[in-house]
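Peer 1: The residues making up each chain are set out below.
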Amino acid sequence: MLDTQLRPARARPLWVAGALAVLAASMVAGLLGGAAGISPWQVVLQALDWLPFVEIDSGLAPIEKGLLYELRLPRVLVAAVVGGLLAMAGAGYQGVFRNPLADPYLLGAAAGAGLTTTLVIVMVPAPVLTIPVAAFVGAIGGVMLAFALGNTAGRSGGTATLVLAGVAVTSFLTAIQTFVQQFKVEELQRIYSWILGDVGGGWDQLWLVLPYAAVSSVALLVHGRMLDVLSVGDDEATALGVRASRVRLAVLLAASLATAAAVAVSGLIGFVGIVVPHVVRRLAGGSYRIVLPLSLIGGAAFLVLADLLARTVIAPAELPIGVVTMFIGAPFFVAVLRMTRRTST
Amino acid sequence: MIGVSGLSVTLGEREVLSDVTLQVRRGEWLAVIGPNGAGKSTLLKAVMGIVGHRGEVSIDERPAASLKPRARARLVAYAPQTPALPPDMTVSEYALLGRTPYIPYLGRESRHDREVTASVLDRLDLSSFAARRLGELSGGERQRVVLARALAQQAPVLLLDEPTTALDLGHQQQVLELVDRLRLADGLTVVSTLHDLTVAGQYADTLLLLAEGRAAAHGKPVQVLTGALIGKHFDAHVKIEPGPDGRPVVHLIRGGP
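Read top to bottom, the protein sequences are chains A and B.
Under full-length UniProt numbering, the first residue of the first sequence is numbered 1, with each subsequent residue one higher.
Under full-length UniProt numbering, the first residue of the second sequence is numbered 1, with each subsequent residue one higher.
Hints are computed from structural coordinates only; laboratory data are not their basis.
Predicted, not measured: the structure shown is a model, and the values here were computed from it.
Glycine residues also receive a C-beta, built at the ideal position from the N, C-alpha and C atoms.
Treat the hints loosely; a few may be bogus.
[Unchecked claim] With the C-beta cut set under 8 angstroms, the calculated list includes, among others, these residues of chain B facing chain A: (1) Gly49; (2) Ile50; (3) Ala84; (4) Ser92; (5) Pro101; (6) Leu106; (7) Glu109; (8) His112; (9) Thr117; (10) Ala118; (11) Ala130; (12) Leu178.
Go ahead and model the full structure; you've got the sequences and the hints to work with.
Peer 2: Pasting the structure below:
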């Protein structure tokens, strides 16, 4: 009897299956994307046809196939990868800082990427793939700066100093970024549209981000149990034989890499990193062995849907995806909090 | 089992412990008593290796400094005064954390780890709580769950920092009786801080009275719980009487200093 209850925490197969089903449905919806004359079933068939070694006739016209393959598919995939990365990185940051309000941009990744991207937009005439590279470098640079400051400013190993260093780095880099953009007011719109997020970069950007996404996801997922140990605090983790500062460093590196990869191809999409882990925690359980994998899947589904809304609500114009994540994310978040209020205190 | 010699701890500018020397025999229960801020918790933390210190600490005849964190955690388990209890974690998940010193860094709990934890929960009458979330527990239940995690560590030494804070009389007794039973059954060595002097005198074999970071007295309860020592170091007016089993009982006298 007890043995069945004493399983270590893990995401229940039912939850994983459910989350994957939601992700698959949202991807089909994302591929469909409001286009007239294509049925969801045809999209499913077409999606299967794209898989290696599978040949299925979806009955779509070549131009429709081209539209799906060249525009919709990479867009849906980038949204899924970015959403998954941000949600999982958010969960990682929350575990390290033992604060449910920590988000992937806490340590200066956003401000760093914002600065380098603004510099590129302002100074380089026709940047194509330079923006993602600049954003990636900027995000990593921002986090490293916060680390360097946090380690010199106070007692090493503490998280409070690190958060303060992140705040300082964010303010400082944002100040420079604002200063730079004032010199090129004509580029303001491009800068802002980058900041508000966009997942329409195409296949190139997907390939660019994929290796970092894979490495950081694996590195984060294997740390689930260690983050549970950290959740009882540094002293007790030490008493359990764990070097807390080492775990923190490993998780922060992986989460920052994930954030940088996401920021590189999508700009600064807010809220995903906080709201998705929270919802998972409320619905499926608090252990990081549950929160990390389900955030990956849930974040992917969430951002695919947000992107779908972004390009259909005021079609043919597009809303910035960051606006959508906050606009639908906030009420949804409140609804989940209210719904589950009874079960936790 | 535990040897401490010349132990000093400085936190910030303040020397919290100075030159404390102490031996705890295998199977002994040592209670650390003393007024607020005397350095009781710090002493436990220094033995656990959580705070930096000068002087020597040895555990099971081995210098603690030479032990790797995992090896140390297999010898000494620690329950802090205010443990962090993640409200969404279940009792069994929390108790399983006690097996961490036996699990590889990125590994997972073995069957043996689960069995050990299950039997600990069973011994502490927590089996029916296994699936409960920590946020739903009462004070007494929490204290038992923290104890369960420490026992799942299967360490021969148990460091308990104020295990009875915030518990009512009955629950205090339950927890202390439990610790005492486990100590006798498994031959555990227990070092605990206790703020209630009578309770400390009832349960511990030996008392260490800390005052301003120094060992003011060390010995059997009758030797340490004296009106003179308590009056001097606690600045309290008390009357001491032998209890039914001869151990001293400390009474507070109204209209003290």
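Peer 1: Hint by hint, note whether the structure agrees.
Peer 2: A quick look at each hint next to the structure:
A hinted interface residue such as glycine 49 of chain B counts as satisfied when its beta carbon comes closer than 8 angstroms to some beta carbon of chain A; here the least separation is about 7 angstroms, so the hint holds. Nearest Cβ of chain A to the Cβ of isoleucine 50 of chain B: about 5 angstroms, under the 8 angstroms cut. The hint holds. The interface hint given for alanine 84 of chain B is met, as the beta carbon of that residue sits about 4 angstroms from the closest beta carbon of chain A, less than 8 angstroms. With a cut of 8 angstroms, the hint placing serine 92 of chain B at the interface with chain A holds, because the nearest CB-to-CB distance is about 5 angstroms.
Proximity of proline 101 of chain B to chain A holds as hinted, the smallest CB-CB distance being about 4 angstroms (cut-off 8 angstroms). With 8 angstroms as the threshold, the beta carbon of leucine 106 of chain B comes within range of chain A, its nearest partner Cβ sitting at about 5 angstroms, so the hint holds. With a least beta-carbon distance of about 5 angstroms to chain A, the hint placing glutamate 109 of chain B at the interface is held under the 8 angstroms criterion. Given hint, histidine 112 of chain B at the interface with chain A, is violated; its Cβ is 12 angstroms from that chain's nearest Cβ, farther than 8 angstroms.
For threonine 117 of chain B, the interface hint holds, the least distance from its beta-carbon to any beta-carbon of chain A being 6 angstroms, beneath 8 angstroms. Annotation: alanine 118 of chain B was flagged as interfacial toward chain A, and the flag holds, the nearest CB pair being 5 angstroms apart, inside 8 angstroms. Annotation: interface hint on alanine 130 of chain B holds; nearest CB of chain A at approximately 4 angstroms, less than 8 angstroms. Interface hint at leucine 178 of chain B: violated, since its Cβ lies 19 angstroms from the closest Cβ of chain A, which is beyond the 8 angstroms cut-off.
Checked against the numbered hints above, the structure violates hints 8, 12; every other hint is satisfied.
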